[in-house]
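Sequence order for the protein chains is D and Z.
The opening residue of the first sequence carries number 1 in this note's numbering; numbering runs sequentially from there.
The opening residue of the second sequence carries number 1 in this note's numbering; numbering runs sequentially from there.
It should be emphasised that the hints constitute simulated quantities derived from the structure, not laboratory data.
In this text, a Cβ means the ideal position worked out from N, Cα and C, and glycines have one as well.
Any given hint could turn out to be false.
[Claimed, not checked] Computed beta-carbon distance windows for the label pairs: (1) Z:S347 <-> D:P279: 17 to 27 angstroms; (2) Z:G41 <-> D:Y111: 55 to 65 angstroms; (3) D:I91 <-> Z:L290: 18 to 28 angstroms; (4) D:P279 <-> Z:T108: 50 to 60 angstroms; (5) D:W145 <-> Z:R190: 55 to 65 angstroms.
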Amino acid sequence: MTLSLVLSLLALALVRGTPILLAALGGVLSERAGIVNIALEGEMTAGAFAAALLSYFTRDPWIGAIGGVAVGAAVGFALGFAATRWRVDQIVAGMGINLICTGGAAFGLIYVFNQAGVTPQVPAINQALWPMVVLGIALAAALQWAIARTPIGLRLRACGENPHAARAAGIDPLAVRLYASAIAGGLAGLGGVFLALGELNLYSDGMIAGRGFIALAAVIFGRWTPIGAAGVALIFGLLEALQFALQGNIAWLPSDFLQALPYIAALLALLGASGRYRPPAAEGKPYP
Amino acid sequence: MLDDVDLTCEAGEIHALVGENGAGKSTLAAIAAGEIAADAGTIERSGRIGLVHQHFALIDRLRVWENVVLGHEPQRGGAIDRGSARAFVRELGERYGLDVDPEAVVETLPVGIRQRVELLRELARDPGILILDEPTAALSPSEVERLFGTIALLTQRGVGVLVITHKLDEVFAHARRVTVLRRGRVVEERPISATTREGVARAMIGGEIPAIPAHEPTHGAIAVRVAGLAVPGAIENLSLQIATGEILGIAGVEGNGQSALADALAGLTAFRGTIERPHSIGVIPQDRLLEAVIPNWSLLENVMLGREHATSAKASWRIDRAAARAQCTAIVERFDVRAASIDAPLSTLSGGNQQKLVVGRALVDNPAFVIAYNPTRGIDIGATATVHTELLAARNRGAAILLISFELDELFALSDRILVMTRGALRGEFSERRFDREAIGRLMVSA
Numbered sequence: 001m002t003l004s005l006v007l008s009l010l011a012l013a014l015v016r017g018t019p020i021l022l023a024a025l026g027g028v029l030s031e032r033a034g035i036v037n038i039a040l041e042g043e044m045t046a047g048a049f050a051a052a053l054l055s056y057f058t059r060d061p062w063i064g065a066i067g068g069v070a071v072g073a074a075v076g077f078a079l080g081f082a083a084t085r086w087r088v089d090q091i092v093a094g095m096g097i098n099l100i101c102t103g104g105a106a107f108g109l110i111y112v113f114n115q116a117g118v119t120p121q122v123p124a125i126n127q128a129l130w131p132m133v134v135l136g137i138a139l140a141a142a143l144q145w146a147i148a149r150t151p152i153g154l155r156l157r158a159c160g161e162n163p164h165a166a167r168a169a170g171i172d173p174l175a176v177r178l179y180a181s182a183i184a185g186g187l188a189g190l191g192g193v194f195l196a197l198g199e200l201n202l203y204s205d206g207m208i209a210g211r212g213f214i215a216l217a218a219v220i221f222g223r224w225t226p227i228g229a230a231g232v233a234l235i236f237g238l239l240e241a242l243q244f245a246l247q248g249n250i251a252w253l254p255s256d257f258l259q260a261l262p263y264i265a266a267l268l269a270l271l272g273a274s275g276r277y278r279p280p281a282a283e284g285k286p287y288p
Numbered sequence: 001m002l003d004d005v006d007l008t009c010e011a012g013e014i015h016a017l018v019g020e021n022g023a024g025k026s027t028l029a030a031i032a033a034g035e036i037a038a039d040a041g042t043i044e045r046s047g048r049i050g051l052v053h054q055h056f057a058l059i060d061r062l063r064v065w066e067n068v069v070l071g072h073e074p075q076r077g078g079a080i081d082r083g084s085a086r087a088f089v090r091e092l093g094e095r096y097g098l099d100v101d102p103e104a105v106v107e108t109l110p111v112g113i114r115q116r117v118e119l120l121r122e123l124a125r126d127p128g129i130l131i132l133d134e135p136t137a138a139l140s141p142s143e144v145e146r147l148f149g150t151i152a153l154l155t156q157r158g159v160g161v162l163v164i165t166h167k168l169d170e171v172f173a174h175a176r177r178v179t180v181l182r183r184g185r186v187v188e189e190r191p192i193s194a195t196t197r198e199g200v201a202r203a204m205i206g207g208e209i210p211a212i213p214a215h216e217p218t219h220g221a222i223a224v225r226v227a228g229l230a231v232p233g234a235i236e237n238l239s240l241q242i243a244t245g246e247i248l249g250i251a252g253v254e255g256n257g258q259s260a261l262a263d264a265l266a267g268l269t270a271f272r273g274t275i276e277r278p279h280s281i282g283v284i285p286q287d288r289l290l291e292a293v294i295p296n297w298s299l300l301e302n303v304m305l306g307r308e309h310a311t312s313a314k315a316s317w318r319i320d321r322a323a324a325r326a327q328c329t330a331i332v333e334r335f336d337v338r339a340a341s342i343d344a345p346l347s348t349l350s351g352g353n354q355q356k357l358v359v360g361r362a363l364v365d366n367p368a369f370v371i372a373y374n375p376t377r378g379i380d381i382g383a384t385a386t387v388h389t390e391l392l393a394a395r396n397r398g399a400a401i402l403l404i405s406f407e408l409d410e411l412f413a414l415s416d417r418i419l420v421m422t423r424g425a426l427r428g429e430f431s432e433r434r435f436d437r438e439a440i441g442r443l444m445v446s447a
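Okay, chain D solo, but in the shape it has when bound (with noise of 0.2 angstroms):
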């Protein structure tokens, strides 16, 4: 193999692995504070479809971005108000979410463009795909170094491993809890951007195809830290890449499985880590 295709390799690896990486940190943020974020891959899709509409009638694509993160945040706060204020089963909430968002967007695309599967093209922001990247990884190391070090970060721990003593420290866990599920759903939503506008220039039904999912396996294989979580996402963007790279050179495996290899991968290595690694402690527990 030489050497500039080991490189292009890494550079699809870096921009396969983005998506994922912004959804990921999204987990992390929620997942410290005490939600369980099965939601990850409705906020991407509702992130990546809200991009494509508003840059089609704005003909703006940064209005697009911009609007495709702020309605993932909205998604995020959704799930956040539900879960805290309501109290309503995570789990359950997260499946809603999911469920409405992939059908939002199935029905968004033939109640506006009259047309089943796909947007038409639209303004895209192609040029900001490696700026994004770079925006990616800058985040994980930021956000590591918050959540380790911060006043702020001190206080998300406590409310996601035990909300009572962090409400007798004057910390009201309800509102942690309520915004780090919407940034979660900002970080989503931009994943969801990148796909449609950064990568594309369109948004197509299944184009999150279980992205949010395999997110969430990064956040619990990187033991909901910002940084393993990131490294862990772009390893399934290599494992993209690979599928990428290999497809058509090996005749005699079919391409379903070389296209189900980054599935396959987060099974394994969910497989490896239950049981080993501990969530934070009121992960999923409804406060009061």
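Fit chain Z to the supplied structure of chain D, relying on the hints for placement.
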């Protein structure tokens, strides 16, 4: 829960708040500390009111210093100034005799040290009044002394300390005033010098304390025989025997292998060596919520738990609900379990009433062998008397009883014989009810 309660705690005094389980002490503490709101009334305070909880409200996976500074972190350049946070914790510890490593992760610390962390956390906020909810429930005698040493330092500095307890020894040894709460009302409030133990005890339970039956001499055959018992990491080569009609007390500081001994005898852990014991066994586990009950289940379901076949005369594939109800009602009456109904969730009962049900379930089938692990931990005088009476009655019926307790008074009141457990081994034997408190205390802390 509470009705028209007046309570004053003055600066620099130790004020004891006593009362039975469910009298409303913890509720009062939570209201005073602002954790829950009262329906009516006022709270005047000079300075902050700090509360040290009975079940420590610490964050187990954070470090000591993180727990202490949470919510008021020293900062430098947007980040937490960890150096000064650690120094702050160390300084505070030195000032009040609460030394603990600021870097330690809380979950790795034993119970006594965790309490110091909780105290440090409250002291870091410079309280005018400090409320301690059952602070000695899980402490060894030497840790209790140490705690009251710290409390004395606090009062010298003008902090008022409200100690919630039902251990009257502590009240009369340390407090200046005592307030008695019964069923949500203050029934007595006086200086310690103007009251007596008996008077306070009567006020707490609203009547006389039931007398405990006498130790009738029994000369039974050996019922339980343990030889060469070893449990990895806890016990090495332990042997003991218990006769029928005998209560063998095991004294010791928590964490010296008592759990492993109880688990091995109950068949809950793997062991080497031999254990011969009767088949019929009643167990009062160490941790009520973790090992004894399912809080969301009703009293009835909890009583049936593990003894589904005991409810029916003939072995059957179905549960005899009518017989089970009758049995549960009998336990509730005999052990004075105060509950709305036997169909109410167990979690709606106070801790003492839950414990009475657990004891009742362990003893109702008249087992030949009983393991009682801290059978009265955290329960009040009246409930304690009930539990002690029933354990002695079981003994007098001929049961062999292993009593593991961190309370020397309880061991002295019930045991026929006492062994001291340290580091997984038994030492010293005190028999024929001739117990030397000092000798036992020395053995407990000897290495």
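Checklist entry - So does G41 (chain Z) sit 55 to 65 angstroms from Y111 (chain D), Cβ to Cβ? => result At 58 angstroms between Cβs, range holds.
Item to check | Cβ separation of W145 (chain D) and R190 (chain Z), checked against the hinted range 55 to 65 angstroms | outcome: At roughly 57 angstroms between Cβ atoms, R190 (chain Z) and W145 (chain D) fall inside 55 to 65 angstroms, so the hint holds.
Next on the checklist: Quick check on a hinted range of 17 to 27 angstroms for S347 (chain Z) and P279 (chain D), using CB atoms only.
Outcome noted: holds, 25 angstroms
Checklist entry - Taking the beta carbons of P279 (chain D) and T108 (chain Z), is their distance inside 50 to 60 angstroms? => result Taking Cβ atoms as reference, P279 (chain D) and T108 (chain Z) lie about 19 angstroms apart, which means the hint is violated.
Item to check | Status of the given 18 to 28 angstroms range, CB of L290 (chain Z) versus CB of I91 (chain D) | outcome: holds, 25 angstroms
Hint compliance for this structure: hint 4 alone is broken.
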